[in-house]
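Undergrad: Read off the chains here:
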Amino acid sequence: MQMPQPDARVLARKDRIIARLRSALPNCPVISDPRELHAYECDALTAYRCPPMCVVLPGSTEEVSAALRICHEEQAPVVPRGAGTSLAGGALPTADSVIIGVARLNRFLETDYTNRFIRVQTGVTNLSVTGQVQEDGFFYAPDPSSQLACAIAGNIAMNSGGAHCLKYGVTTNNLLGVTMVMMDGEVVEIGGEYPDAGGGLNLLGLICGSEGQLGIVTEATLRILHAPEGARPVMIGFDSNEVAGECVSDIIRAGILPVAIEFMDRPCIRACEAFAKAGYPDVEALLIVEVEGSEDEINHQLSLIKDIAMKHNPAEFRESTSSEESAAIWLGRKSAFGAMGQINDYMCLDGTIPVSELPYVLRRIGEMSKDYGLDVANVFHAGDGNMHPLILFDANKPGDLELCEEFGADILKLCVEVGGCLTGEHGVGVEKRDLMDHQYAPVDIEAQLRVKDVFDPAWLLNSAKVFPLAHTENRRKGALPPSAS
Amino acid sequence: MKPTSETELAEMIRAADGPLCIQGAGTRDLSCDGDVLDATGLSGVTLYDPGALTLVAGAGTTLTEVENLLAKEGQRLAFEPRRLNALLGSAGETTLGGIVATNSAGPARIGLGNCADHLLGVRFVNGRGEIVKNGGRVMKNVTGYDLVKLMAGSHGTLGVLTEVSLKVLPKPETEATLAINAGGLKGLSAMTTALASPYEVTGASLLDGKVYLRIEGFTDSVDYRCRKLKTIVGAIADVALLEAEASCGLWKDVCNIKPLQHCEYVWKMNMKPTAIFSGFLAAASQVFKFETMLDYSGGQCWIGMTSDQAMFAAAEVSGVTPQDGAVGFHQSMQEAVSDETVNEGGGGDVQFIKAPESIWPLVSRFQPQSSALARIQSGLRAQFDPRGILNAGLMG
Ligand SMILES: Cc1cc2nc3c(=O)[nH]c(=O)nc-3n(C[C@H](O)[C@H](O)[C@H](O)COP(=O)(O)OP(=O)(O)OC[C@H]3O[C@@H](n4cnc5c(N)ncnc54)[C@H](O)[C@@H]3O)c2cc1C
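Chains as they are written, first to last, in our numbering: chain A, 1 to 485; chain B, 1 to 396.
These aren't lab readings, by the way, just hints derived from the structure by calculation. Note that the Cβ used here is the ideal one computed from N, Cα and C, for glycine as well. It is possible that part of the hints are untrue.
[Said to hold, decoys possible] If you want the ones that stay clear, here's a sample from chain A, every Cβ over 12 Å from chain B, calculated:
hint	residue
1	A24
2	A44
3	E62
4	E74
5	P281
6	N313
7	T321
8	N396
9	G478
[Said to hold, decoys possible] The calculated DSS-like cross-link candidates involving lysine-lysine, where the alpha carbons are at most 30 Å apart (straight line), are:
hint	chain 1	residue 1	chain 2	residue 2
10	B	K289	B	K268
11	B	K252	B	K268
12	A	K477	B	K133
13	A	K167	B	K289
Make a model of the complete structure from these sequences and hints.
TA: This is the structure we're talking about:
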């Protein structure tokens, strides 16, 4: 993975840029000490690192606007940053860039149960949003596994999902409005405090998932829902991936809509079991299916699921009868990442496939794993086809990272080949940037680049991400194609 | 012009030397200039995978064809698209392209979302005559910008849709509806109470002084939740139960805005529920005469005026004809919803849905946008359609 050469002209203006930021934003940290900049040189994709020129941490939308105006005038590239948990390198800086972080934008602005929304500054963490409303019986639905740490800012930029999005949707389905600052400092209000707000083109849908390339989102209005009466999982083990896949499809066809259907393959089950000792059976494939409602409703749905599962001769069927048992069923799954981290370094992929292709894709991944000589474990949001193959490698072994990247790329290409896509919830960032040509024709990419031309004509905002550099080079160098002007 | 393939459509658009008015089945009258481009030739379901809850079809495929196909597998389109033919008095079968272009969503909006929420992928031809795809046919996809969402509700101004992929859902085993004898603010409170409960209401509407709350799912669960809900909203007013058949009929009417069918003029207003009731309805009903049907738990207000009522409005806005009255009322609503004392700081929008054709040159049918948003939107239109030929008069 290559990043563009830093712009020498911008680097030459470094002192002036920092001085201007400091003088315009006297109450706002502007970090330029190289020791302090270390903290910002990467996100959760730690394989790639580069300290930025400086980091600005504004405390208000106005300060974000002032900082952006200066960067715009100085033609300095800007990288927005939330909590830095991106797995795609979305928040990776370049040496000539100014990071604008929203960590200090951490206030809750308004909670409205009558109209069912909450308005927050985007530096608040995902989990704290639910924390704010749960005493009153409400919750914010999108629940990425990183929810303790990740910020709403990053969730919006990446359109993050979570285990429960099969029922409740991902970030975009739960976002009502944003306050966003454009690269030239202009503040825009998009959407509002009710669904589909505004009446014009659906700009909100466009902003969500645009990976910090269209503007810096400083405030967000989020839909909140009343929590269900209860929820309970079952665990079903199978001797073959195919049969597990059929079982998923049969559950869905039977008209049951679980909140979550998680899938783990044998390497993943074994690793999790060794790590978390959750009492998982040693089977080829394990499903965790969770349903919601009152006690009776849960029992009814689980009995239907049991009937379906039994037709597929499961090696194991374990129904939770208490909250302790529920926790035990989820324990292994929730520690999947930690378990892998114990074994080795790992890279977490995020492709999506049509659910029906699951057995074929798992078989192919198994074959490739042998060819590459790298182990892989699969965790999978089976209800919606979002796969997370975890490839194990040794960062200290020369060449292993590159091999792992190559293997990862092959898996993602396979996802596209069978009718899926490169990323289901983590975003493209720099990680999948160079694979975009596998999913999209040049004209499809050009249509997206033209959108950025509208929001950020100078191509300063997080511009080295998402699209292969060759597609964006002219624009990044300040030469918009003639059609756009 | 009626292309039968994507490439033919692309050629037609490239060759066009003037504005084009893109039409699905023509169930909505579009009030735009230019040659009619009939998009119904690009039809047919190309993929339906019930186990993966996905359907891919040409944009000209009719809603009826899709619904029939899904019904065979016990599935449905979750967002309950509206059929406005009866309201608009137009012939023609609603098409998928029309549904996507208007981001249509019926009563289920409050629980299950709108068309955009269930739209997985699109193919379209932009105003440059380029065939573009975005998204795909899988449920989770964040690969690149979400042009899928942007195309939903773009009213044909960015491109002509050729193919759409949709997420479908299982059809619930049954449904039932609680009818609560409460209008006005009492009605709002009944809806709010219901939605602040764990009982998963999938429709909350107010019509003729009664609130209707729909519950869907497995039979026992529907019974249980109706019982529970009844005890909560029963504290507000009398409650009656509509069983499956009656419930189904009622929501079909709500979905298709049948209660306002007899009105000459019809508008759709979106705002926070509290702002619709306290900000808009309370004030407007002092001055004007009109009929309403509230959907989305009070967040969407359908407003109708008969000729007589429009004539009454004319006097209020110093006009002389019903049309004058409707135009004046429209303008006053557009101003009201963008006034923070009315919308309570949460924004608002109103769209003119139905009127005699002669009115369209006199009004902007869509809510005017703030100057910053208007600039972004016209910038996007210029990128997708530099010659400005696609549905040129629409959306401001
Ligand atoms: C252990 C672990 C588990 C995870 N599990 C999940 C999961 O289950 N589901 C899931 O979807 N993701 C998951 N992630 C990925 C990650 O947490 C999400 O992508 C998250 O939304 C990133 O949020 P952040 O605040 O950390 O953003 P950052 O990493 O800081 O930034 C992410 C992107 O957002 C942009 N950005 C940040 N702030 C703004 C802003 N204010 N305006 C505009 N753009 C901005 C950045 O430029 C960058 O491109 C996981 C990550 C880890 C480490």
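Undergrad: Looking at A/A24 again, its CB stays over 12 Å from all of chain B?
TA: Answer for A/A24: holds, closest chain B Cβ roughly 22 Å.
Undergrad: Is the Cβ of A/A44 farther than 12 Å from every Cβ of chain B?
TA: holds, 16 Å
Undergrad: Mind checking the alpha carbons of A/K477 and B/K133 for me, to see if they're no more than 30 Å apart?
TA: holds, 27 Å
Undergrad: Given the proposed pairing of B/K289 with B/K268, does the C-alpha separation stay at or below 30 Å?
TA: Holds, because 16 Å separates the two Cα atoms, which is no more than 30 Å.
Undergrad: Non-interface claim for A/N313: all C-beta distances to chain B beyond 12 Å?
TA: holds, 19 Å
Undergrad: When you look at the beta carbon of A/P281, is every beta carbon of chain B farther off than 12 Å?
TA: holds, 25 Å
Undergrad: Assess, step by step, whether the Cα of B/K252 is no farther than 30 Å from the Cα of B/K268, and give holds or violated.
TA: Distance ~18 Å between B/K252 and B/K268 Cα, so the pair holds.
Undergrad: Just checking, A/N396 versus chain B, shortest CB gap more than 12 Å?
TA: Holds, since 32 Å exceeds 12 Å.
Undergrad: Any Cβ of chain B at or closer than 12 Å to A/T321, or is the non-interface label fine?
TA: Holds, because the least Cβ-Cβ distance between A/T321 and chain B comes to about 20 Å, which exceeds 12 Å.
Undergrad: Is it the case that A/E74 keeps its Cβ farther than 12 Å from each residue Cβ in chain B?
TA: holds, 23 Å
Undergrad: Take a quick look at A/E62 and tell me if its Cβ sits farther than 12 Å from every Cβ on chain B, holds or violated.
TA: holds, 16 Å
Undergrad: Can you confirm whether the C-alpha distance between A/K167 and B/K289 stays at or below 30 Å?
TA: Given that 30 Å is the threshold and the Cα spacing comes to 42 Å, the pair is violated.
Taken one by one, the earlier hints fail for this structure only at number 13.
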